[in-house]
Each structure stands twice: as C-alpha cells, then as structure tokens.
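For the protein sequence lines, the chains are D and Y, in the order given.
End of the first sequence sits at 173 in the numbering used here; the numbers just go up one at a time, nothing left out.
End of the second sequence sits at 101 in the numbering used here; the numbers just go up one at a time, nothing left out.
A hint or two may mislead.
[Said to hold, decoys possible] Have a look at the derived ranges for each label pair, beta carbon to beta carbon:
1) 100/Y <-> 145/D: 48 to 54 angstroms
2) 163/D <-> 4/Y: 21 to 27 angstroms
3) 56/Y <-> 5/D: 34 to 40 angstroms
4) 166/D <-> 88/Y: 42 to 48 angstroms
5) 100/Y <-> 60/D: 40 to 46 angstroms
6) 166/D <-> 56/Y: 46 to 52 angstroms
[To be verified] Partner residues are not named here, just some residues of chain Y that face chain D (Cβ under 10 angstroms, in silico):
7) 47
8) 55
9) 57
10) 67
11) 71
12) 98
13) 99
No lab work stands behind these hints: they were computed from the structure.
Please read all numbers here as calculations on a predicted model, not as lab measurements.
All C-beta atoms, glycine included, are put in the ideal place defined by N, C-alpha and C.
As a plain string of letters, each chain reads:
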Amino acid sequence: MTSSEQAELIVFIILAPLAVVTALGMVLTRNAVYSALLLVVNFFCLAGFYVLLEAQFVAAVQVIVYAGAIMVLFLFVLMLLGIGNEVVVKEQMRGQRPAAVLLALGLLVAIVGALAAGVFDAEPASLAAANEGGNVEAIGRILFTRYTFAFETAGILLVVAAVGALVLGKRQP
Amino acid sequence: MPLMYPLVFAAFLFSAGVYGVLARRNAVMVLMSIELMLNAVNVNLVAFNAYLRDELVSGQVFALFVIAVAAAEVGIGLAIVLLIFRNRETVNIDEVDLLRW
Numbered sequence: 001m002t003s004s005e006q007a008e009l010i011v012f013i014i015l016a017p018l019a020v021v022t023a024l025g026m027v028l029t030r031n032a033v034y035s036a037l038l039l040v041v042n043f044f045c046l047a048g049f050y051v052l053l054e055a056q057f058v059a060a061v062q063v064i065v066y067a068g069a070i071m072v073l074f075l076f077v078l079m080l081l082g083i084g085n086e087v088v089v090k091e092q093m094r095g096q097r098p099a100a101v102l103l104a105l106g107l108l109v110a111i112v113g114a115l116a117a118g119v120f121d122a123e124p125a126s127l128a129a130a131n132e133g134g135n136v137e138a139i140g141r142i143l144f145t146r147y148t149f150a151f152e153t154a155g156i157l158l159v160v161a162a163v164g165a166l167v168l169g170k171r172q173p
Numbered sequence: 001m002p003l004m005y006p007l008v009f010a011a012f013l014f015s016a017g018v019y020g021v022l023a024r025r026n027a028v029m030v031l032m033s034i035e036l037m038l039n040a041v042n043v044n045l046v047a048f049n050a051y052l053r054d055e056l057v058s059g060q061v062f063a064l065f066v067i068a069v070a071a072a073e074v075g076i077g078l079a080i081v082l083l084i085f086r087n088r089e090t091v092n093i094d095e096v097d098l099l100r101w
C-alpha cells in the first residue's frame with residue numbers, strides 16, 4: 001500500500017463515520033433546526049469525500065449549492081414556520097416508527113448483501129487521464145458536447161421551478 | 001480504498017434517509033431526508049466514475065444533474081410546505097389528509 005493510498009484510507013475513516021453519525025443524528029433528533037445543521041456537516045463530509053474520489057468540481061458544487069443555497073433555504077423555511085420541536089399530539093399510525101426502523105434496516109441489509117454478493121473488489125483507480133486538463137475542463141467539455149440537450153433542459157427545469165415556487169408562494173388576494 | 005467502502009457508506013446514508021422519510025412527521029424533515037437519499041446516490045455515481053476510470057467524466061456530470069434537480073425539487077417542495085402551513089396551520093404530514101378517502 002503506497003503512502004497516498006494510506007492517506008486516502010485515513011481520510012475516509014475519518015469522514016465516513018462522521019457522515020453516517022450526522023445523518024443518523026439528523027433523522028433522529030427532534031429539533032428540526034439541529035437536524036438542518038447536522039445535515040450541513042454531513043454535506044461537508046461528502047464534499048471532502050468527493051475530493052478524495054477526484055471529483056473536485058462536484059465537491060465545490062456540493063458546498064456551494066447544497067451546504068450553501070439549499071440548506072439556507074431549509075433553515076429559512078424552518079425559521080418562517082417557527083417550528084422548533086416536533087410535538088407529537090397523538091400517534092395517527094400505530095407502529096410507524098418500528099416499521100420505519102425495520103424497513104430501513106431491511107433495505108440496508110439488502111443493499112449490503114447485494115454488494116457483498118457482487119464483484120466490487122475493483123482496484124483503487126486514478127482519474128489522472130480524465131482530469132489531465134483539469135477536472136472543471138473535463139466536465140465542461142462533456143457538458144457542452146454530449147450533454148448539451150440535458151444541460152439546456154436542466155436550465156428550463158430550474159426556470160420552471162423558480163416560477164412555480166413564486167406562484168405557489170404568492171399570497172392569494 | 002476498495003470500491004466496496006464508498007458503496008456501503010452510501011447504503012448507510014440512503015437507509016438513514018429512508019428511515020427519515022418513513023418515520024418523521026414534519027414535512028420539512030421529510031424533504032431533508034430526501035436530500036440525504038439524493039446525496040447517497042451522488043456518492044455512488046462519483047465513486048463508480050472514479051473506479052471505472054471514465055475518460056468522459058459521466059458520473060460526475062450525472063451527479064451535477066442530480067444536484068440541479070434536487071435544487072428545483074427543494075424550491076417547489078418548500079413552497080408547497082409554506083402553502084400548506086398558511087392554509088392549515090400545520091406542517092405535520094399526518095394531519096394533511098385532503099386526499100384520504
């Protein structure tokens with residue numbers, strides 16, 4: 001094992017448990033604002049993970065779009081609604097929580113089992129060839145050649161979403 | 001670092017998101033759990049992109065599209081949550097039963 005692989009492994013061992021713990025804390029804590037902040041930490045861990053996988057541009061987008069824009073939107077709505085703690089008035093669906101735990105654990109076991117049965121012992125790879133002229137250049141090149149149509153469609157989708165949010169959020173007279 | 005590690009890691013994140021969607025009653029929390037699941041998918045895409053040594057960085061481009069769609073989804077979703085709160089004074093999804101027969 002070379003030293004760079006070792007460093008990679010160490011970073012992974014730090015980031016992955018932190019990300020899993022913040023994800024679990026996010027779905028388990030009662031206070032919605034705490035969940036939002038834990039989710040921000042989770043997104044930063046994922047950004048570090050993307051750097052580890054040689055996806056620097058995706059890491060930057062993760063921090064700017066997710067940890068920046070989207071989470072600010074969430075926190076803004078949480079503050080606007082003024083909901084701190086989730087008040088459980090009465091259980092409307094009996095056994096919802098145990099069923100959710102069961103289903104989530106079942107899914108986890110199924111996925112990990114499927115992964116273990118597959119052949120995913122691929123060797124650590126380097127994206128050096130793909131990232132030769134820089135990661136951003138590589139992404140830009142493919143985005144504006146092969147995926148131009150999808151790119152433009154995504155732009156239309158974002159415009160429609162923005163207009164839709166505006167129409168929905170407008171106070172009706 | 002074998003490919004197995006990021007995949008199992010993403011499976012954990014996705015399962016946490018599934019639990020959040022199924023168990024939480026706050027509509028904003030449900031939306032946040034969906035974000036968690038989308039991020040787990042992104043981890044898979046970027047990991048496979050790295051391990052398949054893709055010359056065209058398709059996995060990363062797909063992750064970018066997922067992020068764009070997630071941003072649109074959050075915008076609309078939170079607008080709907082605000083509208084529900086304005087009309088019914090609650091964001092508890094158990095109490096929003098307009099479509100229940």
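Tested hints:
The given range of 48 to 54 angstroms is respected by residue 100/Y and residue 145/D, whose C-beta atoms sit roughly 49 angstroms from each other. Taken as a hint, the range 21 to 27 angstroms is violated for the pair residue 163/D and residue 4/Y, whose Cβ atoms sit roughly 44 angstroms apart. Checking the proposed 34 to 40 angstroms range against residue 56/Y and residue 5/D shows it is violated: the Cβ atoms sit about 25 angstroms from each other. The hinted window of 42 to 48 angstroms between residue 166/D and residue 88/Y is violated, with their beta carbons roughly 21 angstroms apart.
Checked against the hint of 40 to 46 angstroms, the pair residue 100/Y and residue 60/D passes, with Cβ atoms roughly 44 angstroms apart. Look at residue 166/D against residue 56/Y: about 36 angstroms separates their beta carbons, and that is not inside 46 to 52 angstroms. With 10 angstroms as the threshold, the beta carbon of residue 47/Y comes within range of chain D, its nearest partner Cβ sitting at about 6 angstroms, so the hint holds. About 5 angstroms separates the beta-carbon of residue 55/Y from the nearest beta-carbon of chain D, less than 10 angstroms, and the hint is met.
Look at residue 57/Y: its Cβ gets to within about 5 angstroms of chain D, closer than 10 angstroms, so that hint holds up. Interface hint at residue 67/Y: satisfied, since its Cβ lies 6 angstroms from the closest Cβ of chain D, which is below the 10 angstroms cut-off. Satisfaction of the interface hint for residue 71/Y is found here, the shortest Cβ-Cβ separation to chain D being roughly 6 angstroms, below the 10 angstroms cut-off. Annotation: residue 98/Y was flagged as interfacial toward chain D, and the flag is violated, the nearest CB pair being 15 angstroms apart, outside 10 angstroms.
Checking residue 99/Y against chain D by beta carbon gives a least distance of about 15 angstroms; that is not within 10 angstroms, so the hint is violated.
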